[in-house]
Amino acid sequence: MKDFWTRFRFNRGAVIGLVILAVVIATAIAAPFIFPTSPWKMVQRPFLPPLTQNGLPLGTDALGRDVLAGLAHGAYVSLLVGLVSTVVALAIGVPVGALAGYFVGRVDDALMRFTEFFQTIPSFALAIVLLAIFQPSLTFVIIAIAIVSWPPVARLVRGEVLSLRTREFVEAATLQGLGNAQIILRHILPNALPPIIVLASLMVAQAILLESSLSFLGLGDPNIMSWGYMIGAARTVIRTAWWLSFLPGMAILLTVLALNLIGEGLNDALNPRLTRKSE
Amino acid sequence: MTRFILGRLIKAGFILLAILIFNFLLIHAAPGDPAAVMAGEAGAADEKFLADLRERFGLDQPLYIQLWTYLQGAVQLDLGFSYRQQMPVAELIADRLPATLLLTGVAFLLSLSLGVLAGVAASARQGSWGDTIISTLALLFYATPLFWVALMAALVFSVWLGWLPGFGYSTVGAGYTGWAHALDVAKHLVLPATTLGLFFTAIYMRMTRASMLEVSRLDFVKTARAKGVKRRVILRRHILRNALLPVITLAGLQAGQIFGGAILTETVFAWPGIGRLMFEAINQRDYAVILGVFYISGAMVLLFNLITDVFYVIIDPRIRLTG
Chain A
1 MKDFWTRFRF NRGAVIGLVI LAVVIATAIA APFIFPTSPW KMVQRPFLPP
51 LTQNGLPLGT DALGRDVLAG LAHGAYVSLL VGLVSTVVAL AIGVPVGALA
101 GYFVGRVDDA LMRFTEFFQT IPSFALAIVL LAIFQPSLTF VIIAIAIVSW
151 PPVARLVRGE VLSLRTREFV EAATLQGLGN AQIILRHILP NALPPIIVLA
201 SLMVAQAILL ESSLSFLGLG DPNIMSWGYM IGAARTVIRT AWWLSFLPGM
251 AILLTVLALN LIGEGLNDAL NPRLTRKSE
Chain B
1 MTRFILGRLI KAGFILLAIL IFNFLLIHAA PGDPAAVMAG EAGAADEKFL
51 ADLRERFGLD QPLYIQLWTY LQGAVQLDLG FSYRQQMPVA ELIADRLPAT
101 LLLTGVAFLL SLSLGVLAGV AASARQGSWG DTIISTLALL FYATPLFWVA
151 LMAALVFSVW LGWLPGFGYS TVGAGYTGWA HALDVAKHLV LPATTLGLFF
201 TAIYMRMTRA SMLEVSRLDF VKTARAKGVK RRVILRRHIL RNALLPVITL
251 AGLQAGQIFG GAILTETVFA WPGIGRLMFE AINQRDYAVI LGVFYISGAM
301 VLLFNLITDV FYVIIDPRIR LTG
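Which chain is which? The protein sequence lines are A and B, in order.
Residue numbers 1 to 279, in UniProt numbering, belong to the letters of the first sequence in order.
Residue numbers 1 to 323, in UniProt numbering, belong to the letters of the second sequence in order.
Take the hints with a grain of salt, since some may be wrong.
[Unchecked claim] Below, a list of computed lysine to any residue pairs in the SDA-like style, where the Cα atoms sit at most 25 Å apart:
hint	chain 1	residue 1	chain 2	residue 2
1	B	Lys11	A	Pro152
2	B	Lys187	A	Arg239
3	B	Lys48	B	Ile65
4	B	Lys230	B	Ala121
5	B	Lys11	A	Met112
6	B	Lys11	A	Leu138
7	B	Lys11	B	Ile248
8	B	Lys48	A	Gly55
9	B	Lys222	B	Ile315
10	B	Lys11	A	Leu111
11	A	Lys41	A	Leu164
12	B	Lys187	A	Trp242
[Claimed, not checked] Computed spacing ranges between beta-carbons, pair by pair:
hint	chain 1	residue 1	chain 2	residue 2	range
13	B	Arg217	A	Gln182	36 to 44 Å
14	A	Thr174	B	Pro246	32 to 40 Å
15	B	Leu117	A	Phe4	30 to 38 Å
16	A	Phe169	B	Trp129	45 to 53 Å
17	B	Arg236	A	Gln182	47 to 55 Å
18	A	Val23	B	Ile133	51 to 59 Å
19	A	Gln53	B	Val156	23 to 31 Å
20	B	Leu63	A	Arg45	51 to 59 Å
Note that these hints are calculated values from the structure, not bench results.
Computed from a predicted model, the values in this text were never measured in an experiment.
Backbone N, C-alpha and C fix where the C-beta goes; we use that ideal spot for every residue, glycine too.
Next up, chain B with everything else stripped away, as it sits in the complex:
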């Protein structure tokens, strides 16, 4: 197990390195002076700041030395300085990261459990009314733009019905502490997490249904039936266990997509995570922040993939632990 994790970590390290090199090349491929690109919108930075940047990145040095300087900084989590916000990018991201982890984590668990449940229910009664309804809903959610469903949910449940807050992370100025605060945050979380999860619920549901149907046709299931094992036990112990494997693989691969979706939901619901930070940075052309968020989101996805891999091995010990 340790060797397996070590192998995965080395691979993840290479991918992170590639993202950094990619970022570096982008800064240099962008039109204009790289110092100006890093400082943000033309004219936003004063000359002294630009001169500082030029010196720090050694812009008069050959490209490979610049790359080395850049990588050295990035490894020490120096992601540059946001001139707009007057703060180091790493600090900005560290402030916002917990909110994003909470949102994406809840949305992921919600969509995986709902999707698997719905998929199992649909496949258990294939061709029935329930199956048709669940499958049609999945088809609809799969085609719905995430930001739009978020907007519409905010409109209906927050503006029209007033059931849930549609804006922010917690009630401003309420001064809740302890459980009252947690409850307040949870209320604010319902709409963003549900709307972010809808699209993925649809994916996991379709995947689970197809996978269940496929496994239920295999010989060992026929054997179990012939032995007289109860229908529900077959469903749970024989079919579901095997059908879950491809769903979990897929869920791991989707990690990056959930983060992409978080950029949209956080923007709509003013959720103070790194997605919202990226949106603000886009509007202000704050490139240091955009590239920093991109780098950190890549790191998050890699970590997430690692967790799924480990989980996968636990569910199915047959899988050989090779890096």
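Next comes chain A alone, as it looks inside the complex:
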């Protein structure tokens, strides 16, 4: 653990990413306390530019809503969607990949065909189709994102399991008479964990981008203030109030950048051999 931290700290970008992410998380947690009124509420006249009125540092949008409050509440939504959809995607991808890699042969063939199908069809279009047909709610947004993002997990886990299953410690476990389930869960998967963690951190970033794109198109939960929705709503007034589109976009950019940097740092820290090779 100490080793891990030393190596992680060695990557300057990863530390910067961690700091940015900490600020975003703090904002998300604090949002309901600092801005207890709904971010949908009209608080001032519309199109108030930033830094012109005390108490509203970022001004108001086209409907007189507090932009800063919207950004803070949006942080919560982005992180929640990013995190939960990644967990759901892992819950689909890890079992599929583990079963395919462990049982090889027909099971592998069938599961990988299934995975390939989901990998081939255009994922963003699939997410749109799912959300357009089923009414968009936060739960469905999360499910749709998970459905389009699990295939890389399955492929990664399959590869790891394939290479681990012939190792001696697995043979030893088999000779001890352990069942397949126990071998996979207690012996193989824990060893496959480092690359899964790295992939998961990058998936959270991609999920946040995906969520913002979907709500930009108007496919987000209509009751929830999110960064993508703010940009989509400000799109038509970009000539007169460009900052209304600019600010939420910067929030997305910084959060996603932070997560990508952390992912790279994790990669360096968890797979030190791999790093040296590719440097």
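Fit chain B to the supplied structure of chain A, relying on the hints for placement.
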């Protein structure tokens, strides 16, 4: 080669079939009467139209017969009728498809060539200032929401600077023909294609850089160096050729993603392609169009993958042609 392509085509056919079955199941899983779902927003269609739909899909028949009817239609490129636009979906898509192919094609070639060039430049001087700048830019583009960078580009280059048109496919009412028209379209294409390509440029650059660095450590490169082959020749003939393979594989896999990005860029720039068509259909809950675009985009991706496969075999004849 023929057998290889045939094998791939059969596989592509199966995937298309799966997409169609998936679409069919979605229509039936959606809340409400499937006829109403296909007709679009509740209340938008009149009773006669719904009755027609029910009869055409045989909604009183068992599910598997309905599926058969649906598949028969789809194979003949009958993708349903858009009640909203009063046009067959297949015609709507055929009208818009060329614009999307132009946009995604240009964006793809642009991002692949720029990405590979930048990746080679960065890896040739690893750890230098140039490398740091290129790598940082790639990191930034990789984290930028596509629709947002498109909006910002339209704001800066079209609204503020007035350099390029930020809206549409060609100047309305200008009546250009021949080369003047082509130039006009090209001008309109610059912003959508560049912004769509940015994210993918970042991916290809990172991939090329990593791949170049990896290959440059292999034994045959050391041998070439020891033989006294010139640095630039090693870079081009020994390293780049081998490093390109994984980049091309990746580029093929990304085809679906470029199309997804086109939905966003076409929406921002009012580019009259099938992405924009899908956005309009989302707002109007025109499900027949949404599912039709989804099906056609799947077909496009499969075709694209096939082209990459063939290309791949040409670059590296060692790869065995097995379906």
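Open item on the list: If I claimed the Cβ atoms of A:Gln53 and B:Val156 lie 23 to 31 Å apart, would that claim hold in this structure?
Closed with: Given range 23 to 31 Å: holds, Cβ gap about 27 Å.
TODO: Look at the Cβ atoms of A:Thr174 and B:Pro246 and judge whether their distance stays inside 32 to 40 Å.
DONE: Holds, at about 35 Å.
- [ ] For B:Arg217 and A:Gln182, compare the CB-CB distance with the range 36 to 44 Å and indicate the outcome.
- [x] holds, 40 Å
Open item on the list: Taking 51 to 59 Å as the stated bounds, is the beta-carbon spacing between A:Val23 and B:Ile133 within them?
Closed with: violated, 26 Å
Open item on the list: Hinted pair, alpha-carbon criterion (25 Å max): B:Lys187, A:Trp242. Please report holds or violated.
Closed with: At roughly 23 Å apart (the allowed maximum being 25 Å), A:Trp242 and B:Lys187 satisfy the hint.
Open item on the list: Verify the CB-CB distance for B:Leu117 and A:Phe4 against the hinted window 30 to 38 Å.
Closed with: holds, 37 Å
TODO: With a cut-off of 25 Å on the C-alpha distance, tell me whether B:Lys230 and B:Ala121 pass.
DONE: Roughly 17 Å between the alpha carbons, so the hint for B:Lys230 and B:Ala121 holds.
Open item on the list: Assuming the hint says 51 to 59 Å, is it satisfied by the Cβ distance from B:Leu63 to A:Arg45 or not?
Closed with: holds, 56 Å
Open item on the list: Does A:Leu164 sit within 25 Å of A:Lys41, going by the straight-line distance between their CA atoms?
Closed with: violated, 55 Å
TODO: For the pair supplied as a hint, B:Lys187 and A:Arg239, confirm whether the alpha-carbon distance does not exceed 25 Å.
DONE: Holds. B:Lys187 to A:Arg239 sits at ~21 Å (cutoff 25 Å).
- [ ] Would you mind confirming whether the straight-line C-alpha gap from B:Lys11 to A:Pro152 stays at or under 25 Å?
- [x] Holds, because 21 Å separates the two Cα atoms, which is no more than 25 Å.
Task: Outcome for the supplied range 47 to 55 Å, where the beta carbon pair is B:Arg236 and A:Gln182 - done: Check passed, 53 Å falls within 47 to 55 Å.
Going down the numbered hints, you'll see the structure goes against 6, 8, 11 and 18, while the others check out.
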